[in-house]
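Undergrad: Sequence:
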Amino acid sequence: MSDELALDERVIIALRRITRAVDIHSDFMQRNFGITGPQLTILRVIDRLEPLSAGDLAKSANFNRGTLSGVLDRLESRGFVKRHRAPPDRRTVTLKMTAAGKQVLAEAPYLLRNHFLDALNRMTPVEQSSLLQTLEQTACLMEADSPDDQPVPPPPATSAERSAH
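The opening position of the sequence shown corresponds to residue 237 in my numbering, with each subsequent residue numbered one higher.
Be aware that a few hints might be false.
[Unchecked claim] Once the Cα atoms are required to be at most 20 Å apart in a straight line, the calculated SDA-like pairs of lysine to any residue come out as: (1) K332 x T360; (2) K295 x Q339; (3) K318 x N357; (4) K338 x E379; (5) K338 x R314; (6) K318 x N350; (7) K332 x R284; (8) K295 x H320; (9) K318 x T303; (10) K318 x R284; (11) K332 x G306; (12) K295 x L285; (13) K318 x G302; (14) K338 x D283; (15) K338 x R319; (16) K318 x T272; (17) K295 x R314; (18) K338 x T328; (19) K318 x V307; (20) K332 x P274; (21) K332 x V281; (22) K332 x L368; (23) K295 x D309; (24) K318 x D292; (25) K332 x R253; (26) K332 x A290; (27) K338 x G302; (28) K332 x L356; (29) K332 x R252.
[Unchecked claim] Computed beta-carbon distance windows for the label pairs: (30) M378 x I260: 17 to 25 Å; (31) I248 x Q369: 15 to 23 Å; (32) V329 x L353: 27 to 35 Å; (33) R358 x T328: 27 to 35 Å; (34) A322 x V362: 20 to 28 Å.
If you are wondering where the hints come from, they were derived from the structure by calculation, not from laboratory data. Since the structure is predicted, the reported quantities are computational estimates derived from the model, not experimental observations. Yeah, the Cβ is synthetic: ideal placement off N, Cα and C, and Gly gets one too.
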């Protein structure tokens with residue numbers, strides 16, 4: 237059946253499978269550890285790069301500022317991160333992990349499912365690099381250059397293509 241689908245349709249189905257798997261794992265983490273995948277991602281980035289500004293975090297973790305602000309609000313309300321407004325420019329917010337945030341990181345599962353990590357670790361360094369390069373290239377292709385980017389409609393089917401279906 238998948239052979240009957242166009243390449244772009246097969247690509248979007250594969251991307252949906254990945255998105256669904258990530259969402260399912262995030263739901264699992266929320267139910268079992270009380271933290272979502274995006275929250276855990278933010279905590280891991282802050283832990284590795286702190287102190288850092290909210291703007292730098294948005295770039296490093298690839299979150300838009302609106303989404304990031306909501307995630308940070310939830311993490312701060314739970315005592316996992318602390319925001320500091322430093323003089324002289326109080327608009328700049330610096331983020332730091334708290335002891336509670338570090339404890340959550342120590343107890344939290346990996347962001348990727350165990351069977352994925354096991355398979356990834358069995359790959360050679362060249363295979364790992366190739367997979368990462370493909371994923372990064374896919375992400376770049378999927379990103380819109382501007383909010384005005386609209387999908388291009390496919391060309392009209394030829395009479396031969398119409399009669400084949």
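Undergrad: Just to be careful, I want the Cα atoms of K318 and N357 compared with a cutoff of 20 Å; is the pair within it?
TA: With Cα atoms ~34 Å apart, K318 and N357 exceed 20 Å; violated.
Undergrad: So if I understand the rule, the pair passes when the alpha-carbon distance is 20 Å or less; does K318 with D292 pass?
TA: Holds: K318 and D292 sit about 16 Å apart, inside 20 Å.
Undergrad: Note whether the CB distance of I248 and Q369 lies within 15 to 23 Å or breaks it.
TA: holds (21 Å)
Undergrad: K338 and R314 were given as a pair; does the straight-line alpha-carbon distance stay at or below 20 Å?
TA: holds (12 Å)
Undergrad: With a cut-off of 20 Å on the C-alpha distance, tell me whether K295 and R314 pass.
TA: violated (23 Å)
Undergrad: Does N350 lie within 20 Å of K318 when you go C-alpha to C-alpha?
TA: violated (30 Å)
Undergrad: Is the hinted pair K318 and R284 satisfied, with a Cα-Cα distance of at most 20 Å?
TA: Holds, at about 15 Å.
Undergrad: Is it true that the CA of K338 sits at most 20 Å from the CA of G302?
TA: Since the Cα atoms of K338 and G302 sit roughly 24 Å apart, the hinted pair is violated (cutoff 20 Å).
Undergrad: Given the proposed pairing of K318 with V307, does the C-alpha separation stay at or below 20 Å?
TA: holds (13 Å)
Undergrad: Regarding M378 and I260, is the given constraint of 17 to 25 Å on their beta-carbon distance met?
TA: Given a distance of about 20 Å, which is inside 17 to 25 Å, the answer is holds.
Undergrad: Mind checking the alpha carbons of K338 and T328 for me, to see if they're no more than 20 Å apart?
TA: violated (23 Å)
Undergrad: Hint check: K318 vs T303, CA-CA at most 20 Å. Holds or violated?
TA: Holds. K318 to T303 sits at ~17 Å (cutoff 20 Å).
Consistency with the previously given hints fails for numbers 1, 2, 3, 4, 6, 17, 18, 22, 25, 27, 28, 29, 33 and 34, ordered from lowest to highest.
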